[in-house]
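For the record, the sequence lines run as chains A and B.
Mapping of the first sequence onto our numbering: residues 1 to 537, in sequence order.
Mapping of the second sequence onto our numbering: residues 1 to 63, in sequence order.
Since the hints were derived computationally from the structure, they do not count as laboratory data.
Treat the hints loosely; a few may be bogus.
[As the list claims (entries may be wrong)] Below, computed lysine to any residue pairings styled on SDA-like, alpha-carbon distance capped at 25 Å:
hint, chain 1, residue 1, chain 2, residue 2
1, A, LYS101, B, GLN30
2, A, LYS401, B, VAL51
3, A, LYS261, A, GLY63
4, A, LYS447, A, GLU491
5, B, LYS37, A, LEU382
6, B, LYS37, A, GLU397
7, B, LYS57, A, ARG407
8, A, LYS401, B, SER7
9, A, LYS401, B, ILE52
10, A, LYS376, B, ALA43
11, A, LYS376, B, SER7
12, A, LYS97, B, ARG58
13, A, LYS262, A, LYS492
14, A, LYS401, B, ALA55
15, B, LYS37, A, GLU392
16, B, LYS37, A, ALA496
17, B, LYS17, B, ALA62
18, A, LYS492, A, LYS526
19, A, LYS97, B, SER7
20, A, LYS271, A, ARG103
21, B, LYS37, A, PRO468
22, A, LYS443, B, ALA43
23, B, LYS37, A, LYS443
24, A, LYS526, A, GLN483
25, A, LYS376, B, MET33
26, B, LYS37, A, ALA396
27, A, LYS480, A, LYS376
28, A, LYS271, A, PRO241
29, B, LYS37, A, ALA356
30, A, LYS526, A, ALA496
31, B, LYS37, A, GLY63
32, A, LYS97, B, LEU40
33, B, LYS37, A, ARG407
34, A, LYS443, A, ASN404
35, B, LYS37, B, ASP48
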Amino acid sequence: MFKTYSYPKFPYIQSEEQKSSQVRRHKLVIVGAGPIGLTAALDAAAHNIPCVVLDDNDTVSVGSRAVCYAKRPLEVWDRLNVGERMVAKGVGWKLGKVFFKDRLSYQFDLLPEDDNKMPAMINLQQYYLEEYMVDEIGRLPQVDLRWKHKLMAIEQRNDHAVLTVETPDGVFTMEADWVLACDGANSDVRSMVGAQFTGQFFQDRFLIADVIMKAEYPTERWFWFDPPFHPNQSVLLHRQPDDVWRIDFQLGWDADANEEKKPEKIIPRVKAMLGDDREFELEWASVYQFACRRIDDFRYGRVLFAGDSAHQVSPFGARGANTGVQDIDNLIWKLKLVIEGDAPITLIDSYNEERAFAADDNLLNSTRATDFITPKSASSRLYRDATLQLAEDPDAEFARKLVNSGRLSMPTPYVHSSLNTQDEDVFGGGMHPGTNCADAPVKVQGKDAWFLNQIGGQFTLLSFGTAPVESVAHGRVSAKVLQVGRDIADEKGILAARYDAAPGTTYLIRPDQHVAARWRGFDETKIARALARAVAA
Amino acid sequence: MSLNLNSNIADPDAFYKELIDSQRGMDDAQAAMMNCKLVLLLANHIGDREVIREALKRAGGAV
C-alpha cells in the first residue's frame, strides 16, 4: 500500500532541557502535531509567541483521513502562508450528485462566489496538508517541533501547568503557561484534566477505501443512497490528487471491523461498484465508527482544547478538521494579548463562548445529516426514502432541499458574542458583527491583490472614507487604519458592495478577520469603546 | 396562524373516500410510503412551522 506517497520520517532530537534536567517554563506547549496542532504552531509563530509542539509519533497522518477542506480554513492557512500550496496540489470541486438506488436523485452546486481568492472546497490527502505545514514550521524560529515526545501527565498550578513527557531518552518535566491540547478525539489530555466529553454515539460502521485508478469520472462528489452495488447502505466517492479516489462504504451496525479491513473483503466491494473490468489498486483502508460530542468547557485552567479533542462530528459535511482550524484562528490572537498582558484573562473565556457555539452548530448539522443517512427506525427510513423518491420529480424542489447527504462546512458567525458591538446604524448584506470577513479583489500600489491578504493578525479599521487618524487604541491594543482609495483600491466596487459601504463607512476587524463593529462614520470614541469590548476589557 | 380544526374541506365524505380509494390495491409497504410522501407534500404546502408543530402534537407526536 501507499504507492503514491512516501512518508517522511522526522528525526527525534533530545531537547536541551531534557539533557540538562533543568525545568524550563514555556509560554505555550501544543500537544499533538496533527492538522490542528500544526495550524496552532503556525499561528503562534505569526503572533510571535514562542511555542513547543509535542507529538508522540514521527511522521504525518497515516492514510488520507480528512480529505475535504473548505474556503474559510483555506483562508486561515493562507494567512499563515501555506494555503496557496494546498490549493495548488488539491483538487477543486463544486458539483455534488446524489443517487438513490440506480438513479440520479438530484445534484447541487456549491456555487462558489466569484472574486474570492480561495475556492469553495478542495480535496487533499491529510498527509500533504501536514507535510506542507511541517515544511513551513521549519522556517519559523518561534516553533520547536519535537517528535517522539509523549505527554504522560499534567498537573495544574495557579498560573501554569507542569507536564511529564516521555521520549526515547526517558522521562522529563517541563512547565507551560498555557497548554493547547490538539491530541484528537481520543485526547489523553482531556482525560488527564477530567473533562466531560458527551454526546451521541452512532452504531454504524463505515469503511474508507482509497483506490488508485485512472478514471474519466468528473471531479464531483457522488453520494449513493441504497445503490444496487451496495444495497441498503450509503456510498460516497470523492477524488483526491495523484489519481487516488476515496470510497466510503456504510457497513451497518454489526460489521466486523477487522474482517472488513482485509483486502479480500474490500476488493470485491470496490469491483462491484466500479464494474469488473476497471483496473485499480488499493492504497489505504480503514474502518471507523463515530460519535457527535463536545467537551463541556474548552478551557480547564491553563489547558485549552481545540479540534477533535474539543468536539467530534460525523464525517458528513467535512466539519472535523475544518472547524478545528477555525478554533485556532479564534484562539491564538486572544492568547497573544493575554500573554502580553494587553487583555484580561477573561478574553480567553470568549474562546469557549464563541467556539462552543460554533461546535454546537456543527454538531447539530452533523447529527442531522447522520440521521438522514443512517435512519434509526423503519419509519425514519421510510421518510428518508420518500424524500429521495420525491426529489426525483423535477417539480419537487422542496424535496431536494430535504435531502441531506451532509451540509458542507460553512463558518458559524458569532452573532451573539460578547465581543461584538451591536449595530447602531442600518446595514444591508451579510457582514454582521461576529461574521468572518468576505474577500474581494483589490489593488495595492497598482498591483492585483486580495483584501483578506491585507488584514489579519492585528486589529484593522477598514475605512471607506478619509480617516482623521492613522490608528485608534485601547491601552496597548491598537487598530490600524486601512483606507480604501489610499491603501487599497476597490476598482470594481466589489469590496464596497460586499460590506454595504457608503463613503465614511468604517469596520473594526479582529485579528482573526471577523467583524467586531461597524458604523456609517468614523467616531474615535465609539471605535475605542468597541475595541475595548473586543478584547473583553 | 394556528392549526385549523374546523371543517375546512367541502364535501367531507367525498374527500374521505378519495383518500381511502387512493390507496386501493396497495400493500402495507406501498401505502406507508405513499403516506410519508403525502405528509411531506402537505407539510411543505403549509410551510408554517408553528402550524406543522401543532399538527404533530395533535397527531400524538412526541413534540
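Against the structure, the hints come out as follows:
1. A:LYS101 with B:GLN30: holds (17 Å)
2. A:LYS401 with B:VAL51: holds (20 Å)
3. A:LYS261 with A:GLY63: Roughly 13 Å between the alpha carbons, so the hint for LYS261 (chain A) and GLY63 (chain A) holds.
4. A:LYS447 with A:GLU491: Since the Cα atoms of LYS447 (chain A) and GLU491 (chain A) sit roughly 11 Å apart, the hinted pair holds (cutoff 25 Å).
5. B:LYS37 with A:LEU382: holds (9 Å)
6. B:LYS37 with A:GLU397: It holds: about 14 Å lies between the C-alpha atoms, which stays within 25 Å.
7. B:LYS57 with A:ARG407: Violated, at roughly 28 Å.
8. A:LYS401 with B:SER7: Violated, at about 32 Å.
9. A:LYS401 with B:ILE52: holds (17 Å)
10. A:LYS376 with B:ALA43: Cα-Cα ~22 Å, so holds.
11. A:LYS376 with B:SER7: violated (36 Å)
12. A:LYS97 with B:ARG58: violated (38 Å)
13. A:LYS262 with A:LYS492: The hint is violated at about 56 Å.
14. A:LYS401 with B:ALA55: The given pair, whose Cα atoms are some 22 Å apart, holds under the 25 Å limit.
15. B:LYS37 with A:GLU392: Distance of about 12 Å is within 25 Å: holds.
16. B:LYS37 with A:ALA496: Status violated; Cα separation ~46 Å.
17. B:LYS17 with B:ALA62: It is violated: about 29 Å lies between the C-alpha atoms, which goes past 25 Å.
18. A:LYS492 with A:LYS526: violated (30 Å)
19. A:LYS97 with B:SER7: violated (43 Å)
20. A:LYS271 with A:ARG103: holds (19 Å)
21. B:LYS37 with A:PRO468: Answer violated: LYS37 (chain B) to PRO468 (chain A) is near 62 Å, above 25 Å.
22. A:LYS443 with B:ALA43: violated (50 Å)
23. B:LYS37 with A:LYS443: violated (53 Å)
24. A:LYS526 with A:GLN483: The hint holds at about 18 Å.
25. A:LYS376 with B:MET33: holds (17 Å)
26. B:LYS37 with A:ALA396: This hinted pair holds, its Cα atoms lying about 11 Å apart.
27. A:LYS480 with A:LYS376: Violated, at about 54 Å.
28. A:LYS271 with A:PRO241: Satisfied, since the Cα-Cα distance of roughly 21 Å is no more than 25 Å.
29. B:LYS37 with A:ALA356: violated (37 Å)
30. A:LYS526 with A:ALA496: Distance of about 22 Å is within 25 Å: holds.
31. B:LYS37 with A:GLY63: Since the Cα atoms of LYS37 (chain B) and GLY63 (chain A) sit roughly 42 Å apart, the hinted pair is violated (cutoff 25 Å).
32. A:LYS97 with B:LEU40: holds (22 Å)
33. B:LYS37 with A:ARG407: Satisfied, since the Cα-Cα distance of roughly 23 Å is no more than 25 Å.
34. A:LYS443 with A:ASN404: violated (40 Å)
35. B:LYS37 with B:ASP48: Roughly 18 Å between the alpha carbons, so the hint for LYS37 (chain B) and ASP48 (chain B) holds.
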